[in-house]
Each structure stands twice: as structure tokens, then as C-alpha cells.
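Q: Make the full structure from the sequences, and use the hints.
Heads up: the sequence shown at position 85 corresponds to 85 in this note's numbering, and the numbers run straight through without jumps.
Please keep in mind that the hints were generated in silico from the structure rather than gathered at the bench. All of these numbers come straight from a predicted model, not from anything done at the bench. Where hints are given, some of them may not hold.
[To be verified] Computed list of lysine-lysine pairs in BS3-like fashion (alpha-carbon distance at most 25 Å, straight line):
#  : residue 1 : residue 2
1  : Lys150    : Lys246
2  : Lys195    : Lys208
3  : Lys34     : Lys119
4  : Lys19     : Lys34
5  : Lys195    : Lys85
6  : Lys195    : Lys11
7  : Lys213    : Lys246
8  : Lys137    : Lys153
9  : Lys85     : Lys119
10 : Lys34     : Lys195
11 : Lys34     : Lys213
12 : Lys11     : Lys246
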Amino acid sequence: MANESDILRIKLMFKGLNKVNSATTFPPVNSLAKTLNSLVDNDHLGDIKFGINVDNFTIAKFATASIEMWHRSLHSFFISASLTKASPLWSSVAGYYSSHYAIRAFAHLFGYYQLYNKKRIVQLELTGQNYSCNFSKRGSSDREHTVYWKFVKNYFTQDPFFYLNLDTPPTGQNSEFRSDSGHRNRANYADHIGKFPVFAPLDSEDLKTRIYKLSVIEINDVPIPDVNGYPDIDNVQLIAYHRILKFRVFVDEILTSNNRFWNLQRNPTWAPSYFDFQAVSVDYSGILSSLIS
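A: Here it is as C-alpha cells:
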């Protein structure tokens with residue numbers, strides 16, 4: 001469980017971004033990965049964790065990586081919603097990745113990053129005013145689609161929208177299986193999935209209507225996709241939509257209105273003008289409290 005020091009760390013991650021032009025703040029492609037890879041190369045880490053000091057430029061890259069990943073989530077959601085009628089297959093897959101990118105956005109915000117080529121998991125830590133990175137060897141079971149979700153679940157233990165992302169049913173569970181990753185696997189890897197409608201051209205009005213429908217659905221339980229109910233588009237899109245909103249509310253509560261970078265990026269210019277991040281019957285009050293309790 002996290003404490004108030006995590007909130008301070010997030011605020012400091014964004015602090016330096018107030019001093020530059022918000023529209024051009026995002027660094028070049030792979031900037032964070034290249035920086036972290038160089039630390040591995042320079043220190044020959046082996047299998048052991050090391051506390052390696054990092055500068056403010058590096059910690060700011062965790063912040064920009066987090067927001068860019070949230071933008072990926074938002075963009076993927078629009079693709080999923082647009083394809084609802086045209087392609088249940090790709091609507092389902094894009095909806096899954098919207099959820100995954102939202103989870104990964106949270107993970108980077110909390111200071112986690114997986115170095116795929118170096119097979120290392122990085123954790124950013126703050127001690128006093130000094131930042132350091134711990135590097136640990138990635139295990140054979142530490143796939144991206146499970147390890148990021150595990151980190152985020154540790155922060156939101158009381159929030160049912162965040163749970164372990166299982167690929168296969170738990171032992172002994174042979175019938176109903178509800179899982180983001182398991183549902184994605186059904187769409188990607190199962191044979192004979194079928195369900196191909198007559199293809200209809202994409203339409204902005206359809207997207208607008210679909211987003212509105214999702215925003216007004218009252219939910220009483222977490223809409224986890226049902227693997228056996230593929231393509232289960234409603235649940236795939238609902239859970240992605242609400243994770244997108246949760247991230248935005250979460251960062252709003254921590255940074256309030258005091259960060260120029262976030263004030264611009266929280267409403268990306270490329271998003272449809274009618275998308276207003278609205279939802280009904282969702283209690284977000286536990287989001288911040290679950291971090292600091």
C-alpha cells in the first residue's frame with residue numbers, strides 16, 4: 001500500500017514540466033528506454049537490484065511516458081468504439097489495448113518500467129529529494145501484460161477495476177472465465193471465432209453515439225470481459241472507458257490545476273470535440289484515498 005510520499009513523488013515528476021512549452025514537452029521516441037538501458041550498460045547490473053541515482057530529466061520522462069501511454073489508451077478507445085459495428089474482432093482487440101495502455105500509464109506514473117531487451121524491471125524511488133532506480137531481473141513469467149497490472153493492483157487494492165490480468169482460468173475453474181487478457185487471447189489466438197458482420201464504413205456519428213451510450217450506462221459491478229462471451233464489446237469498452245476516466249481524475253486530484261503540462265494534455269487536441277470524459281453512477285472517491293491510506 002502506498003503512502004503520501006508517493007503523491008509527493010508524482011508531483012515532483014511533473015514539476016520540471018512547468019518550465020517548458022507544454023506543446024513540445026514530449027521527448028523523442030524511446031527516450032526513457034534509452035536512458036534506462038544506458039544505466040544498465042554502465043553498471044553491469046547482473047541479477048541484483050541497485051539504487052542508481054537519476055536526474056530530474058529522467059524522472060520527468062516517467063511522467064511524459066505515463067501521459068503519452070494514457071493518450072494511446074484514449075486513441076485505442078476511439079478506434080474500438082468506431083469499429084463496434086464494422087469489426088467486432090478489431091473492436092475487441094483495440095478495446096483490450098485501450099485498457100492495457102491505461103494500466104501501463106498508471107504503472108509509469110508510479111515509477112515502473114519494463115526494459116524488454118535488457119530483461120529488467122525498473123522501479124523509480126524517492127528518498128528525501130534524491131531519486132534512484134532499482135533494477136531487478138525480469139522473471140520468465142513477468143510478461144508485460146501481467147507485470148504492469150500487478151504493480152498497479154498493488155496501489156489500488158480496494159478498487160475492483162484493477163485486478164490481476166490472468167491469461168488462463170485459475171486451477172479448477174473450467175466454465176466462466178472473466179479476464180481482459182483471456183478475452184484478448186480468444187480474439188487473437190482461438191480458431192473458428194467467426195462473428196464477422198457485413199463491413200460498414202466508419203462513421204463519426206456512430207462514434208459519437210457509441211461514446212454517449214457508454215457514458216450513460218449505469219454499472220453496478222466491474223464490467224470484466226467474459227472470455228466465453230466473445231466479442232463482449234460492451235464490457236470490453238466499458239472497462240477501458242472507465243479506466244481512462246480514472247487515470248484523468250487521479251492525476252487531477254494530485255496535481256490539481258497547478259501543472260501547465262497536464263492542463264494541456266488532459267484534453268488532447270486530436271480527441272473528438274464531443275468527447276467530454278463523462279460517466280454516470282461511478283464513485284471515484286476511493287481512488288486517491290486508496291493511494292494514501
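Q: Determine for every hint whether it applies to the structure shown.
A: Results of checking the hints against the structure:
1. Lys150 - Lys246: 17 Å, holds
2. Lys195 - Lys208: 24 Å, holds
3. Lys34 - Lys119: 14 Å, holds
4. Lys19 - Lys34: The given pair, whose Cα atoms are some 23 Å apart, holds under the 25 Å limit.
5. Lys195 - Lys85: Measuring from Cα to Cα gives roughly 11 Å; hence the hint holds.
6. Lys195 - Lys11: Roughly 46 Å between the alpha carbons, so the hint for Lys195 and Lys11 is violated.
7. Lys213 - Lys246: 18 Å, holds
8. Lys137 - Lys153: Answer holds: Lys137 to Lys153 is near 20 Å, not above 25 Å.
9. Lys85 - Lys119: With a Cα-Cα distance of about 40 Å, the restraint between Lys85 and Lys119 is violated, given a limit of 25 Å.
10. Lys34 - Lys195: Not OK: Lys34 and Lys195 at ~42 Å, beyond 25 Å, violated.
11. Lys34 - Lys213: 41 Å, violated
12. Lys11 - Lys246: Answer holds: Lys11 to Lys246 is near 18 Å, not above 25 Å.
The structure is inconsistent with the numbered hints 6, 9, 10 and 11, although it conforms to all the rest.
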